[in-house]
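Q: Here the structure of chain X is known, so what remains is to put chain B in place on it, guided by the hints.
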Amino acid sequence: MKTVDARGLSCPEPIMLTDQALKESNEQVKVLVTEPHQKMNVEKLAKSKGLSYTSNETEDGFEVIIR
Amino acid sequence: MIQTVDFFTPVVDDPYTFGQIAAANALSDVYAMGGEPKVALNIVCFPNCLDVEILGEILRGGADKVKETGAVLVGGHSVQDDEPKYGLCVSGFVHPDKVYKNHGAAAGDVLILTKKVGSGVINTAVKGGMASAEAEAAAVAVMSMLNKTAKRVSEKYTVHACTDITGFGVIGHCCEMAEASDVSLEIYTKSINYIEGAVEYASMGLVPAGAYSNMGHRQDQVEKGGIEDVYEDLLYDPQTSGGLLFAVPEEEAEAFLGELKEAEPDGGACIAGRALPKGEKLIYLK
Chain X
1 MKTVDARGLS CPEPIMLTDQ ALKESNEQVK VLVTEPHQKM NVEKLAKSKG
51 LSYTSNETED GFEVIIR
Chain B
68 MIQTVDFFTP VVDDPYTFGQ IAAANALSDV YAMGGEPKVA LNIVCFPNCL
118 DVEILGEILR GGADKVKETG AVLVGGHSVQ DDEPKYGLCV SGFVHPDKVY
168 KNHGAAAGDV LILTKKVGSG VINTAVKGGM ASAEAEAAAV AVMSMLNKTA
218 KRVSEKYTVH ACTDITGFGV IGHCCEMAEA SDVSLEIYTK SINYIEGAVE
268 YASMGLVPAG AYSNMGHRQD QVEKGGIEDV YEDLLYDPQT SGGLLFAVPE
318 EEAEAFLGEL KEAEPDGGAC IAGRALPKGE KLIYLK
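Protein sequence lines correspond, in order, to chains X and B.
Position 2 of the first sequence, counting from 1, maps to 2 under my numbering, and the rest follow consecutively.
So the mapping is simple: my numbering equals the position in the second sequence, first residue as 1, plus 67.
So here's chain B without its partners, still in its complex pose:
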């Protein structure tokens, strides 16, 4: 049995969309461990000065996402607070032999990332009123997408390691996988799919503070090589409800990626890198 809880403050203005994103984010932890969500509970903080209909919309968004997974929402708990917060406590099941762990990546494995990157940058641009409607919609689509299909597709393949990409950004979560697996990881910065507008907004300095703190924690363990600053920023960008990152044997990678793309043509799945024998640095950007 897998149990997890996650909740946060609104990342978008629309309450229904916020509910969907917060739920997809909380449910992702179960998929990242190779499990299937079964039961969920709402966890809510809400101020009494706001219209209760807003709360209803947040909960409706969350409930719709839970329904999409096939799990059941059986209740929850709410408290009064100055700022709204929403998320889920989720219980799921996985066969003990089939638990995905963030360790186990072997030199030669290929890294597959299932979603586009850049939601933190786009959310910053949206907050500043500087994002296009298209970029905002693209980020919402990425953040509210469940990792359900990616996990289902992965069941047919040999998963050596898996993690979901969230607050520590691509590099932070890759560092954790590399450390736990005793390997180094090479990241193909130009092969990763970035959300529409993310490269432009990051170039303009719409880089959230979290990306810089992620960079501060990890940059000593990263060989930047000759890549442009903007891609480095995007790889440290904290992701909300990001994709799954799989380490799989090289001979299975192409078929796995092909099937992911077929199942979710707009999902943004890509070959994001490769595991190397442990080197001086944990991460090598290419």
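Chain X on its own, in the form it takes in the complex:
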């Protein structure tokens, strides 16, 4: 599984990095973000690509696992 560590980055960077990771491989992608709105934006990106996702709260933010 590929990991995109977007913790501490501000929008739109988490989206740019996730979009790039999804384009580069067909593996599952785990995205780490700090803010709730960034989690929601990553979920929107997954949804817009027709991909499924699960989100969890972590110690320092959120993780969204896509595919």
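Hints are computed from structural coordinates only; laboratory data are not their basis.
Quantities reported herein were computed from a predicted structural model and do not represent experimental measurements.
One or more hints might be untrue.
[To be verified] Listed below are the simulated DSS-like cross-link pairs for lysine-lysine, each with C-alpha atoms no more than 25 Å apart in a straight line: (1) Lys30(X) with Lys47(X); (2) Lys2(X) with Lys47(X); (3) Lys47(X) with Lys165(B); (4) Lys105(B) with Lys194(B); (5) Lys47(X) with Lys215(B); (6) Lys168(B) with Lys47(X); (7) Lys194(B) with Lys49(X); (8) Lys257(B) with Lys291(B); (9) Lys194(B) with Lys23(X); (10) Lys168(B) with Lys328(B); (11) Lys291(B) with Lys47(X); (12) Lys291(B) with Lys328(B); (13) Lys49(X) with Lys257(B); (14) Lys328(B) with Lys257(B); (15) Lys30(X) with Lys194(B).
A: Using the frame of chain X, we list chain B on its own:
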């Protein structure tokens, strides 16, 4: 006399365009109160590490917008700062009986919005290198357009309330109008014109943090109904130099909108909603 000041950091890369947008945004406050800008002063922050020609371009953009309004730019003030910022202090005039206020909307009034919505989303997409050239150009056209013509057209009609749509987004500014007028407002989400690309980019999660904070402040006062999330996001999206939102009597709305469309065919004017008797919520999305 109306006095206002507004300035912000660059929303686009091109300095001349940034100057135009910042000036149009600052001048809009005068139009939103039913006034005509007369005198403007530059307010500038600029770092000494950047080429001074960039500053010249920003100021040229601002000066051209001021000229377009018919006002005069008589000077200004600059300070050294780490990040460029630009805007205007504007003085304008309005007859005391003709001041537009953000209160006074009555149940049955029709809401007319004069510009397209979605500049915050497009600016986020541009920042991420994910916006098309067409979407970027469309957003620039919206942001740099003065509210001068919309205000001129409105003079022939009965304006019960008016505000300009800026940082709080469509819903935030509608909430303010509803609260001040003691009514509720119904917003026709699908009748509003969105900037080309805005719906697509908002669906992809290119929604600025400001939209979420606007949502956090107001969502308890909004009945979302069955509308799709993407339209809710766009209605909370902070607008840079957005349009005017008028509450006018129903019988005048069609003629007003027709005249706005004739004056600015690409402006995106639309019937955005309607005022209702005060209900449980301030805003009802349809």
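Q: For each hint, tell me whether it holds in the structure or not.
A: Hint check:
Under the criterion of a C-alpha separation no larger than 25 Å, the hint pairing Lys30(X) with Lys47(X) is consistent with the structure, at around 15 Å. For the suggested pair Lys2(X) and Lys47(X), the alpha carbons sit about 18 Å apart, so the restraint of at most 25 Å is met. Restraint check for Lys47(X) and Lys165(B): the C-alpha separation of about 49 Å exceeds 25 Å, so the hint is violated. Simply put, Lys105(B) and Lys194(B) have alpha-carbon atoms about 35 Å apart, too far for the 25 Å limit, and the pair is violated.
Taking the CA atoms of Lys47(X) and Lys215(B), the gap is near 41 Å; set against the 25 Å cutoff, the hint is violated. Between Lys168(B) and Lys47(X) the alpha-carbon distance is near 42 Å, which puts this suggested pair outside the 25 Å criterion. For the hint pairing Lys194(B) with Lys49(X), the CA-to-CA distance comes to about 21 Å; that is within 25 Å, so the pair holds. For the suggested pair Lys257(B) and Lys291(B), the alpha carbons sit about 13 Å apart, so the restraint of at most 25 Å is met.
Between Lys194(B) and Lys23(X) the alpha-carbon distance is near 19 Å, which keeps this suggested pair within the 25 Å criterion. About 23 Å separates the Cα atoms of Lys168(B) and Lys328(B), which keeps this hinted pair within 25 Å; it holds. Between the alpha carbons of Lys291(B) and Lys47(X) the distance comes to roughly 20 Å, so the proposed pair stays at or under 25 Å and holds. Distance restraint check for Lys291(B) and Lys328(B): the Cα-Cα separation of roughly 29 Å exceeds the 25 Å cut-off, and the hinted pair is therefore not satisfied.
About 23 Å separates the Cα atoms of Lys49(X) and Lys257(B), which keeps this hinted pair within 25 Å; it holds. The straight-line distance between the Cα atoms of Lys328(B) and Lys257(B) is roughly 18 Å, inside the 25 Å bound, and the hint therefore holds. For the proposed pair Lys30(X) and Lys194(B), the alpha carbon gap of about 23 Å is at most 25 Å, so the pair holds.
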